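In my numbering, the protein residues as written are 616 to 774.
Take these hints with a grain of salt, some might be off.
[As the list claims (entries may be wrong)] Per label pair, the in silico range of CB-to-CB distance: (1) Pro-632 <-> Tyr-702: 27 to 35 Å; (2) Val-629 <-> Gln-741: 34 to 42 Å; (3) Glu-712 <-> Arg-639: 13 to 21 Å; (4) Thr-653 <-> Ser-716: 34 to 42 Å; (5) Ser-716 <-> Ala-650: 36 to 44 Å; (6) Trp-670 <-> Ser-716: 21 to 29 Å; (7) Arg-720 <-> Ala-640: 16 to 24 Å; (8) Ser-673 <-> Val-630: 34 to 42 Å; (9) Ala-650 <-> Arg-711: 34 to 42 Å.
Quick caveat, the hints were computed from the structure, so don't treat them as lab data. Owing to the predicted nature of the structure, the values given are computational and were not obtained by experimental measurement. Built from N, CA and C at the ideal position, the CB exists for glycine as well.
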Amino acid sequence: MADPSPATLDAQWVVIPMPGGSPRAMPAWWARPAAGTTPRAAVLVLPEVFGVNGWVRSVAERLAAEGFAALALPIFARTAPDLEFGYDEAGLAAGREHRDSVTARGFLADVRRAIAFLQAEQPSAQQGIGCVGFCFGGHLALLAATLPEVAATCAFYGA
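From just these sequences and the hints, can you work out the full model?
Structure, rendered in C-alpha coordinates:
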(Lines of atoms letter the chains of each structure in order from A; the text may use other names.)
(Lines give C-alpha, C1' and ligand atoms only; values in the text may rest on other atoms or scores of the structure.)
Protein backbone atom coordinates (compact mmCIF):
# COMPACT_ATOMS: atom_id res chain seq x y z
CA MET A 616 0.00 0.00 0.00
CA ALA A 617 1.07 3.56 -0.60
CA ASP A 618 2.15 5.71 2.30
CA PRO A 619 -0.70 8.06 3.14
CA SER A 620 -0.04 11.76 2.90
CA PRO A 621 -2.28 14.73 3.67
CA ALA A 622 -2.53 15.44 -0.06
CA THR A 623 -4.00 12.01 -0.85
CA LEU A 624 -6.50 11.61 1.96
CA ASP A 625 -8.73 13.25 4.51
CA ALA A 626 -8.68 11.76 8.02
CA GLN A 627 -10.35 13.01 11.17
CA TRP A 628 -12.28 12.02 14.26
CA VAL A 629 -16.05 11.92 13.80
CA VAL A 630 -18.75 11.35 16.38
CA ILE A 631 -21.52 8.88 15.65
CA PRO A 632 -24.48 9.64 17.94
CA MET A 633 -26.17 6.99 20.03
CA PRO A 634 -29.80 6.32 19.14
CA GLY A 635 -32.61 7.76 21.21
CA GLY A 636 -30.77 10.94 22.17
CA SER A 637 -28.40 9.19 24.57
CA PRO A 638 -25.69 11.57 25.81
CA ARG A 639 -23.06 8.97 24.92
CA ALA A 640 -21.65 9.02 21.43
CA MET A 641 -19.20 6.85 19.55
CA PRO A 642 -16.01 8.55 18.32
CA ALA A 643 -14.50 6.90 15.23
CA TRP A 644 -11.52 7.59 12.98
CA TRP A 645 -12.81 8.44 9.47
CA ALA A 646 -10.28 8.29 6.63
CA ARG A 647 -11.11 8.65 2.96
CA PRO A 648 -9.45 9.68 -0.29
CA ALA A 649 -8.93 13.39 -0.84
CA ALA A 650 -11.86 15.55 -1.87
CA GLY A 651 -12.88 15.04 -5.47
CA THR A 652 -11.96 11.35 -5.43
CA THR A 653 -14.76 8.81 -5.33
CA PRO A 654 -13.89 5.99 -2.92
CA ARG A 655 -13.88 2.47 -4.36
CA ALA A 656 -15.78 1.07 -1.37
CA ALA A 657 -16.31 1.54 2.36
CA VAL A 658 -14.51 -0.52 5.01
CA LEU A 659 -14.98 -0.89 8.77
CA VAL A 660 -11.71 -1.32 10.68
CA LEU A 661 -11.99 -3.12 14.04
CA PRO A 662 -9.00 -2.78 16.39
CA GLU A 663 -7.32 -5.07 18.85
CA VAL A 664 -8.00 -4.62 22.58
CA PHE A 665 -5.67 -1.60 22.53
CA GLY A 666 -8.32 0.68 21.02
CA VAL A 667 -8.32 3.05 18.07
CA ASN A 668 -4.66 3.89 18.55
CA GLY A 669 -2.12 5.31 16.14
CA TRP A 670 -1.52 2.00 14.41
CA VAL A 671 -5.24 1.34 13.83
CA ARG A 672 -5.69 4.89 12.54
CA SER A 673 -2.77 4.26 10.16
CA VAL A 674 -4.53 1.15 8.82
CA ALA A 675 -7.59 3.28 8.00
CA GLU A 676 -5.36 5.91 6.41
CA ARG A 677 -3.52 3.33 4.29
CA LEU A 678 -6.87 2.02 3.07
CA ALA A 679 -7.88 5.61 2.21
CA ALA A 680 -4.61 6.10 0.33
CA GLU A 681 -5.59 3.06 -1.76
CA GLY A 682 -8.98 4.58 -2.58
CA PHE A 683 -11.25 3.24 0.17
CA ALA A 684 -13.34 5.12 2.72
CA ALA A 685 -12.37 3.56 6.08
CA LEU A 686 -14.01 3.95 9.47
CA ALA A 687 -12.01 2.72 12.49
CA LEU A 688 -14.62 1.82 15.06
CA PRO A 689 -14.03 1.68 18.82
CA ILE A 690 -15.03 -1.84 19.83
CA PHE A 691 -15.40 -0.69 23.44
CA ALA A 692 -17.73 2.19 22.57
CA ARG A 693 -20.06 1.32 25.43
CA THR A 694 -17.48 1.16 28.23
CA ALA A 695 -14.50 3.22 27.04
CA PRO A 696 -15.14 5.00 23.72
CA ASP A 697 -11.85 6.94 23.85
CA LEU A 698 -9.72 3.96 24.87
CA GLU A 699 -6.19 3.97 23.48
CA PHE A 700 -3.58 1.75 25.15
CA GLY A 701 0.03 1.03 24.37
CA TYR A 702 1.29 -2.38 23.34
CA ASP A 703 2.49 -3.44 26.77
CA GLU A 704 1.33 -5.74 29.58
CA ALA A 705 -0.63 -2.96 31.32
CA GLY A 706 -2.42 -2.04 28.08
CA LEU A 707 -3.21 -5.66 27.34
CA ALA A 708 -4.60 -6.25 30.84
CA ALA A 709 -6.76 -3.12 30.69
CA GLY A 710 -8.00 -3.96 27.19
CA ARG A 711 -8.93 -7.47 28.29
CA GLU A 712 -11.08 -6.03 31.09
CA HIS A 713 -13.08 -4.05 28.55
CA ARG A 714 -13.19 -7.01 26.16
CA ASP A 715 -15.00 -9.03 28.80
CA SER A 716 -17.85 -6.49 28.83
CA VAL A 717 -18.53 -6.64 25.07
CA THR A 718 -21.77 -8.38 24.16
CA ALA A 719 -22.79 -9.54 20.69
CA ARG A 720 -26.00 -7.54 20.96
CA GLY A 721 -24.24 -4.29 21.91
CA PHE A 722 -21.46 -4.74 19.37
CA LEU A 723 -23.87 -5.45 16.52
CA ALA A 724 -25.93 -2.40 17.48
CA ASP A 725 -22.78 -0.27 17.30
CA VAL A 726 -21.84 -1.77 13.93
CA ARG A 727 -25.33 -1.01 12.62
CA ARG A 728 -24.85 2.63 13.70
CA ALA A 729 -21.48 2.68 11.92
CA ILE A 730 -23.06 1.16 8.80
CA ALA A 731 -25.77 3.83 8.82
CA PHE A 732 -23.03 6.49 9.07
CA LEU A 733 -21.13 4.94 6.15
CA GLN A 734 -24.26 4.66 4.02
CA ALA A 735 -25.08 8.33 4.67
CA GLU A 736 -21.53 9.54 4.00
CA GLN A 737 -20.44 7.14 1.27
CA PRO A 738 -22.83 6.25 -1.58
CA SER A 739 -20.84 3.12 -2.52
CA ALA A 740 -21.65 1.71 0.94
CA GLN A 741 -25.17 1.04 -0.32
CA GLN A 742 -23.66 -1.81 -2.38
CA GLY A 743 -22.08 -3.45 0.66
CA ILE A 744 -19.36 -2.75 3.19
CA GLY A 745 -16.07 -4.48 3.83
CA CYS A 746 -14.81 -5.22 7.33
CA VAL A 747 -11.31 -5.96 8.62
CA GLY A 748 -10.48 -6.78 12.22
CA PHE A 749 -7.37 -7.53 14.21
CA CYS A 750 -7.15 -10.05 17.09
CA PHE A 751 -10.33 -9.54 19.16
CA GLY A 752 -11.44 -7.16 16.41
CA GLY A 753 -10.92 -10.07 14.00
CA HIS A 754 -13.28 -12.17 16.09
CA LEU A 755 -15.79 -9.30 15.98
CA ALA A 756 -15.29 -8.92 12.20
CA LEU A 757 -16.64 -12.45 11.81
CA LEU A 758 -19.64 -11.47 13.94
CA ALA A 759 -20.13 -8.33 11.82
CA ALA A 760 -20.17 -10.58 8.73
CA THR A 761 -23.56 -11.90 9.88
CA LEU A 762 -25.11 -8.55 8.95
CA PRO A 763 -26.50 -8.37 5.40
CA GLU A 764 -24.80 -5.01 4.71
CA VAL A 765 -21.33 -6.51 5.25
CA ALA A 766 -20.29 -7.90 1.87
CA ALA A 767 -16.73 -8.98 2.68
CA THR A 768 -14.81 -9.65 5.88
CA CYS A 769 -11.20 -10.36 6.73
CA ALA A 770 -10.13 -11.44 10.23
CA PHE A 771 -6.44 -10.98 10.99
CA TYR A 772 -5.34 -13.30 13.80
CA GLY A 773 -8.89 -13.44 15.14
CA ALA A 774 -9.20 -14.41 18.79
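Status of each hint after checking the structure:
1. Pro-632 <-> Tyr-702: 27 to 35 Å: With a Cβ separation near 31 Å, Pro-632 and Tyr-702 satisfy 27 to 35 Å, so the hint holds.
2. Val-629 <-> Gln-741: 34 to 42 Å: The hinted range 34 to 42 Å is violated for Val-629 and Gln-741, with Cβ atoms some 19 Å apart.
3. Glu-712 <-> Arg-639: 13 to 21 Å: 19 Å, holds
4. Thr-653 <-> Ser-716: 34 to 42 Å: 39 Å, holds
5. Ser-716 <-> Ala-650: 36 to 44 Å: Roughly 38 Å apart at Cβ, these two residues keep to the hinted range, so it holds.
6. Trp-670 <-> Ser-716: 21 to 29 Å: 23 Å, holds
7. Arg-720 <-> Ala-640: 16 to 24 Å: 19 Å, holds
8. Ser-673 <-> Val-630: 34 to 42 Å: Given range 34 to 42 Å: violated, Cβ gap about 21 Å.
9. Ala-650 <-> Arg-711: 34 to 42 Å: 40 Å, holds
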